[in-house]
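J.: For reference, the chains in residue letters:
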Amino acid sequence: MKMIRNRFGNLSRVSVQLQRHVQQMATSAAVAPAEGATINEFRTAVANPGEHSALQLAKFYTIPAEQKKQIFTGGGLPKQYELQIKTFTEACLMVRNPALELLEYIKGADLTKPVVRYVLYGENGTGKTLTMAHVLHYGALNDFLLVHVPWAPNWMKRPKEASNAAGQEGMIDLPFDAAAWLVHFKNQNGKLLQRLQLKTGKEYVWSKRESTPAGSPLLELVEHGIARIKYASETTAALISELKQLSTAGQCKVMVAIDGFNAFFHPITRIFSDNKQRVTPDRITLTQPFLDITNYDWTNGVCILSVDKIAMTEGYMDSYMPRYLLGQAGFEHLDPFVPVHVDNYTDKEFHSYINYYLDRHWINKTPQGFEEQLKFMSNKNPYSLMQLVRAL
Amino acid sequence: MALRVFSLNLVKTNRNLLQNGFKSPAPPTGHMAPAASFATEVTVQAAPAAVQKQKVSKAMRAYLKRANEHDEFMKTQHLEFQIGKRHLANMMGADAETFTQEDVDEAISYLFPSGLYDPKARPAMKSPDVVFPARKAAEFDETGRPFHSLFYTGKPNFFQLLHDIVEETNKLADLEERMLRRGNKPDENQKLEIDGFHLLPKDQLELLLVESIADIEYSNFCNSMDRLIASPYAYKSKTFIERFLKPLMDQSNQLEVPKPKIDGEGRQYITTYECLRKTARADVTVRLPGTGKISINGKNISYFEDENCREQLLFPLQFSELLGKVDVEANVEGGGPSGQAGAIRWGIAMSLRSFVDQEMIESMRLAGLLTRDYRRRERKKFGQEGARRKYTWKKR
Chain A
1 MKMIRNRFGN
11 LSRVSVQLQR
21 HVQQMATSAA
31 VAPAEGATIN
41 EFRTAVANPG
51 EHSALQLAKF
61 YTIPAEQKKQ
71 IFTGGGLPKQ
81 YELQIKTFTE
91 ACLMVRNPAL
101 ELLEYIKGAD
111 LTKPVVRYVL
121 YGENGTGKTL
131 TMAHVLHYGA
141 LNDFLLVHVP
151 WAPNWMKRPK
161 EASNAAGQEG
171 MIDLPFDAAA
181 WLVHFKNQNG
191 KLLQRLQLKT
201 GKEYVWSKRE
211 STPAGSPLLE
221 LVEHGIARIK
231 YASETTAALI
241 SELKQLSTAG
251 QCKVMVAIDG
261 FNAFFHPITR
271 IFSDNKQRVT
281 PDRITLTQPF
291 LDITNYDWTN
301 GVCILSVDKI
311 AMTEGYMDSY
321 MPRYLLGQAG
331 FEHLDPFVPV
341 HVDNYTDKEF
351 HSYINYYLDR
361 HWINKTPQGF
371 EEQLKFMSNK
381 NPYSLMQLVR
391 AL
Chain B
1 MALRVFSLNL
11 VKTNRNLLQN
21 GFKSPAPPTG
31 HMAPAASFAT
41 EVTVQAAPAA
51 VQKQKVSKAM
61 RAYLKRANEH
71 DEFMKTQHLE
81 FQIGKRHLAN
91 MMGADAETFT
101 QEDVDEAISY
111 LFPSGLYDPK
121 ARPAMKSPDV
131 VFPARKAAEF
141 DETGRPFHSL
151 FYTGKPNFFQ
161 LLHDIVEETN
171 KLADLEERML
181 RRGNKPDENQ
191 KLEIDGFHLL
201 PKDQLELLLV
211 ESIADIEYSN
221 FCNSMDRLIA
231 SPYAYKSKTF
241 IERFLKPLMD
251 QSNQLEVPKP
261 KIDGEGRQYI
271 TTYECLRKTA
281 RADVTVRLPG
291 TGKISINGKN
301 ISYFEDENCR
311 EQLLFPLQFS
321 ELLGKVDVEA
331 NVEGGGPSGQ
341 AGAIRWGIAM
351 SLRSFVDQEM
361 IESMRLAGLL
371 TRDYRRRERK
381 KFGQEGARRK
391 YTWKKR
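In order, the protein sequence lines correspond to chains A and B.
The numbers in the numbering used here rise by one with no breaks, and the one at position 208 of the first sequence is 208.
The numbers in the numbering used here rise by one with no breaks, and the one at position 249 of the second sequence is 249.
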């Protein structure tokens with residue numbers, strides 16, 4: 001009996017020592033937060049995407065409210081995710097492999113060389129848009145001018161208004177959508193544009209009385225487009241060609257991010273021309289500048305494009321592969337590009353997400369084996385998981 | 001006149017009339033249908049011609065006439081059937097001599113394609129023996145004497161059966177007493193096994209007896225049979241008892257759990273074929289040491305887009321607590337998503353029986369996992385909008 005007690009005594013002493021040791025470790029970690037400081041096992045305090053590495057894999061980082069407001073006010077996060085953010089009162093993104101891969105490429109890229117096109121592809125609901133959001137956050141923090149189209153198919157599928165273009169015969173203008181995009185551009189880049197003091201390279205004549213002289217600030221050009229909605233499409237084209245020239249000249253860095261890029265190569269749109277016939281995307285004035293900026297004839301920029309099944313319409317949704325979704329013309333336009341596959345969650349990411357939901361008290365009831373069941377039902381697909389645990 | 005064979009006989013409804021005709025209770029004489037089989041054909045021994053002339057009763061004459069008519073009728077029917085069959089064989093370019101009933105059915109369904117829902121309503125050509133079922137034979141000779149001693153009970157076959165059961169029971173009771181006196185005990189090895197059997201249901205017993213019986217009479221039969229079977233020496237009258245037992249074949253088959261086989265990687269596996277639900281059919285293979293991998297026609301669970309279909313697959317795995325421990329492969333075709341999911345669910349559940357204990361099988365059965373779902377789409381009715389829904393009623 002005594003022996004046993006002695007042993008227990010020893011054991012308890014050891015455990016006390018261990019605890020002390022752990023506490024010391026913890027305090028030392030708190031002193032030096034630079035070394036991948038973790039708040040939780042599923043959270044990370046590193047809010048700068050530039051510092052994310054494999055250490056932060058499958059962990060959540062929070063986008064500060066004002067940055068989120070700056071980047072994502074005009075779209076860029078899926079609607080359902082936006083709702084979730086509102087419910088949880090914090091904009092959390094998970095650090096995932098495709099985003100890390102992309103960030104690594106971008107950080108290591110030689111910007112003096114022609115732009116590299118990165119194409120995000122993957123099944124429905126795997127997180128292409130959120131990967132793009134992660135990279136956009138990096139771009140915004142690292143003085144990239146963002147040329148961001150939150151969801152290109154919106155222009156082809158549900159434009160606010162379509163009118164005949166004034167200058168070009170047989171072309172269709174989407175003045176309201178173009179203006180909305182200009183507002184989005186201004187929101188994202190207003191501060192940076194003021195700081196960089198970018199000037200237009202040539203004079204733009206809009207009509208007999210209106211013109212933007214050469215050497216006027218770029219912000220003025222944007223504001224003109226917003227104020228004169230009629231010329232919004234032309235302004236967009238002008239802005240984008242200016243941006244290309246400026247970045248090639250080395251005055252700024254540009255990050256192009258277009259979600260649902262394959263919509264530009266869809267055989268038809270839902271817009272009708274004057275003779276009641278469906279218009280092809282290349283006859284929309286907005287298409288040209290964005291195809292232009294995804295070309296490789298300029299430098300000092302990066303292009304992040306995503307191809308998506310749901311950007312297509314019925315009958316064109318058989319595969320999620322870029323070659324199928326872009327078609328011959330689109331593939332040749334982008335060739336060569338760097339494909340980045342966005343896949344379903346890994347086990348670790350899935351577990352982390354469940355923990356996050358539990359932490360937010362979003363999952364209330366935790367019967368035995370609920371995680372396994374959710375894994376089975378969702379197939380570890382992010383969107384399916386979100387739908388499965390959604391509010392009623 | 002020596003023998004006369006009545007092939008098809010008296011209509012049951014006429015029995016009362018006949019009974020009224022024979023007021024005097026005649027003692028049981030002459031022939032009687034053998035108790036063992038309640039045959040529909042009876043050989044009638046007629047009285048000598050001299051007696052016969054005087055004694056043939058009115059009822060008997062009427063009966064004979066009807067029987068003759070029926071014989072004639074059946075004869076012409078047979079003839080017509082043969083001719084029809086030959087024509088059909090000619091039409092189909094087959095040999096008339098070797099044209100079987102299967103060929104006839106095939107030819108009819110080819111020549112008269114029918115979309116009618118009920119198979120019984122579709123055109124058919126069958127032998128008159130099948131179309132006009134056999135009826136009970138005459139129960140009395142030409143002089144009007146009933147063959148059977150229990151004729152006047154109205155249900156001679158049934159009461160004879162009860163009589164036989166009681167006789168058997170008494171025999172066994174006697175035997176038991178004798179054995180007891182000698183100090184012998186019944187042989188345990190020979191004990192009558194009636195697990196997986198049950199007594200003939202009422203409708204089948206009626207068919208066997210060629211008599212309709214009341215519910216209370218059927219319960220009397222059941223009680224006396226139970227008493228007989230309960231006897232420790234019941235195995236002595238095994239042949240008698242077995243005539244009234246029906247095996248529960250389907251269920252006992254189901255209860256037999258197949259042994260898992262071993263595949264190339266050394267894993268146990270079970271394949272269930274013919275998993276049916278609605279119009280879907282599937283075969284499902286479950287492998288035991290697994291990681292929860294699902295493969296349906298080569299795709300994973302994303303084969304089913306609907307939440308409820310995925311849930312169907314989840315249920316047996318989660319219920320048997322083998323989720324994530326087995327791999328499932330399924331090939332499925334036909335039907336829609338919910339039918340396919342249901343077929344695979346049944347297949348998984350049936351296969352999982354080999355990997356769980358008896359208790360779990362029983363609770364799976366109670367949960368309805370092992371029950372085949374026979375529900376099908378209900379047809380649309382004319383005059384209605386759908387299967388059940390009526391058109392909107394509008395006053396004018």
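Derived by calculation from the structure, the hints in this document are not laboratory data.
Think of the CB as a built atom: it goes at the ideal place given N, C-alpha and C, for glycine as much as any other residue.
Be aware that a few hints might be false.
Stated by the list, open to error - Computed spacing ranges between beta-carbons, pair by pair: (1) B/E307 with A/A54: 55 to 65 Å; (2) B/S302 with A/N40: 49 to 59 Å; (3) A/T346 with B/D306: 51 to 61 Å; (4) A/P367 with B/R375: 26 to 36 Å.
Claimed, not checked - Facing chain B, a subset of chain A residues (Cβ under 7 Å, in silico): (5) E66; (6) L374; (7) N379; (8) Y383.
Claimed, not checked - Under 7 Å between C-beta atoms, here's a sample of chain A residues computed to sit facing chain B: (9) E372; (10) F376; (11) M377.
J.: State, for the Cβ atoms of B/S302 and A/N40, whether the hinted interval 49 to 59 Å holds or is violated.
T.: Taking Cβ atoms as reference, B/S302 and A/N40 lie about 31 Å apart, which means the hint is violated.
J.: Under the criterion of a CB-CB separation shorter than 7 Å, is A/F376 in contact with chain B as hinted?
T.: holds (5 Å)
J.: That 51 to 61 Å hint for A/T346 and B/D306 (C-beta), does it hold up?
T.: This hint is violated: roughly 25 Å between Cβ atoms.
J.: So, as I understand it, the hint says A/Y383 touches chain B; can you test that by seeing if any CB pair is closer than 7 Å?
T.: violated (12 Å)
J.: Could you check the hint for me, namely that B/E307 and A/A54 are 55 to 65 Å apart, CB to CB?
T.: violated (34 Å)
J.: Please check whether A/M377 passes as an interface residue: C-beta within 7 Å of a C-beta belonging to chain B.
T.: holds (5 Å)
J.: Return holds or violated for the Cβ distance of A/P367 and B/R375 against the range 26 to 36 Å.
T.: holds (30 Å)
J.: Would the hint on A/L374 be counted as holding, given a Cβ-Cβ threshold of 7 Å to chain B?
T.: Violated - the Cβ of A/L374 stays beyond 7 Å from chain B, reaching only about 10 Å at its closest.
J.: Using Cβ atoms only, decide whether A/E66 comes closer than 7 Å to chain B, and label the hint accordingly.
T.: violated (38 Å)
J.: Closer than 7 Å between Cβ atoms is the bar; does A/E372 clear it against chain B? Give me holds or violated.
T.: holds (5 Å)
J.: Given a cut of 7 Å on the nearest C-beta pair, is the interface hint for A/N379 held or broken against chain B?
T.: holds (5 Å)
Consistency with the previously given hints fails for numbers 1, 2, 3, 5, 6, 8, ordered from lowest to highest.
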